[in-house]
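Peer 1: One letter stands for each residue in the lines below.
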Amino acid sequence: MRQSDKTRKDGEGGIGRRQFFRALGGGTAAAAAAVASVPLTPTEAQAYDPGNAETRSRYRETDHVKAFYRTNGYETLKK
Amino acid sequence: MARMKFLCDADRCIECNACVTACKNEHEVPWGINRRRVITLNDGKPGERSVSMACMHCTDAPCAAVCPVNCFYTTADAVVLHSKDLCIGCGYCFYACPFGAPQYPRVGNFGSRGKMDKCTYCSGGPEPDLSVAEYEKYGSNRLAEGKLPLCAEMCSTKSLLAGDGEMIAQIYKERVIKRGYGSGAWGWKTAYRETIAI
Numbered sequence: 001m002r003q004s005d006k007t008r009k010d011g012e013g014g015i016g017r018r019q020f021f022r023a024l025g026g027g028t029a030a031a032a033a034a035v036a037s038v039p040l041t042p043t044e045a046q047a048y049d050p051g052n053a054e055t056r057s058r059y060r061e062t063d064h065v066k067a068f069y070r071t072n073g074y075e076t077l078k079k
Numbered sequence: 001m002a003r004m005k006f007l008c009d010a011d012r013c014i015e016c017n018a019c020v021t022a023c024k025n026e027h028e029v030p031w032g033i034n035r036r037r038v039i040t041l042n043d044g045k046p047g048e049r050s051v052s053m054a055c056m057h058c059t060d061a062p063c064a065a066v067c068p069v070n071c072f073y074t075t076a077d078a079v080v081l082h083s084k085d086l087c088i089g090c091g092y093c094f095y096a097c098p099f100g101a102p103q104y105p106r107v108g109n110f111g112s113r114g115k116m117d118k119c120t121y122c123s124g125g126p127e128p129d130l131s132v133a134e135y136e137k138y139g140s141n142r143l144a145e146g147k148l149p150l151c152a153e154m155c156s157t158k159s160l161l162a163g164d165g166e167m168i169a170q171i172y173k174e175r176v177i178k179r180g181y182g183s184g185a186w187g188w189k190t191a192y193r194e195t196i197a198i
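Here the protein sequences come in this chain order: A and B.
For the first sequence, the residue numbers in the UniProt record's numbering are 1 to 79.
For the second sequence, the residue numbers in the UniProt record's numbering are 1 to 198.
Just chain A, same shape as in the assembly (with noise of 0.2 Å):
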């Protein structure tokens, strides 16, 4: 027997190509049926929620404010 003869035919102790193929077809077969089985949960989308700090009101009425509010009123507001 050629030595191309022997590596192709199963190998004593071990496991032949054409078993080897065979298991692993079986096996894939098996974990696509246990994917498919499985039903899908698509996760829940979230919504980026900046948080009470960054969205308080930051405006105060200061007075640098009114003197900006009075000096662009200055020709019409009554003082």
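The set of hints was computed from the structure by calculation and includes no laboratory data.
We put the CB at the ideal spot given by N, CA and C, even for glycine.
Any given hint might turn out to be false.
Distance windows between CB atoms, simulated [claimed, not checked]:
no.	chain 1	residue 1	chain 2	residue 2	range
1	A	Arg70	B	Tyr181	23 to 29 Å
2	A	His64	B	Trp31	28 to 34 Å
3	A	His64	B	Thr190	29 to 35 Å
Below are the DSSO-like pairs computed for lysine-lysine, each with C-alpha atoms no more than 30 Å apart in a straight line [claimed, not checked]:
no.	chain 1	residue 1	chain 2	residue 2
4	B	Lys178	B	Lys45
5	B	Lys115	B	Lys137
6	B	Lys173	B	Lys158
7	B	Lys158	B	Lys147
8	A	Lys66	B	Lys178
9	B	Lys24	A	Lys66
10	B	Lys158	A	Lys66
11	B	Lys147	A	Lys66
12	B	Lys5	B	Lys147
13	B	Lys147	B	Lys173
14	A	Lys66	B	Lys115
15	A	Lys66	B	Lys173
16	B	Lys158	B	Lys45
Chain A is fixed; fit chain B onto it per the hints.
Peer 2: Then chain B, alone, in the frame of chain A:
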């Protein structure tokens, strides 16, 4: 609760671009982009008007509606801000915005834009107030300092008004009553031509 608004009295704007320069300097806005611009209508013709434009901090902001990563949020002052940590630079907000406010500082390979940058109404971003991280990403936070946007405070002709919407509306109404006419640059007749009945 006060609602922050911009209002440009176009009859007073002389197109000096001080608001643009002040904004760029205050926030160290990168080369090539402006958060605020002065638009001139009928340039060089009788009836020429200029109007200073930036983000108008819309109540129902279209930029926020189209953002795929939801990086926009509205503060209690009705200022529309965004998180540059979340922004992916897709450019949808630029196409959605009727004022052309969103800008992109970097143009990379294959059309990548970098993080969007826009007017923050001088009120920073999601980082802690007046922090270095906030300044680097969004510029100064004048609202937290008890001030108003610098563009309006710098306006030499008092054309650009900023602050509590009710207060600046009152100032503008008084001006219109005194001079007898409104703006020639914006309003229903500008948007829908002279034929519209108001």
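Peer 1: Going through the numbered hints above, which ones does this structure break? Give me the numbers in ascending order.
Peer 2: 14
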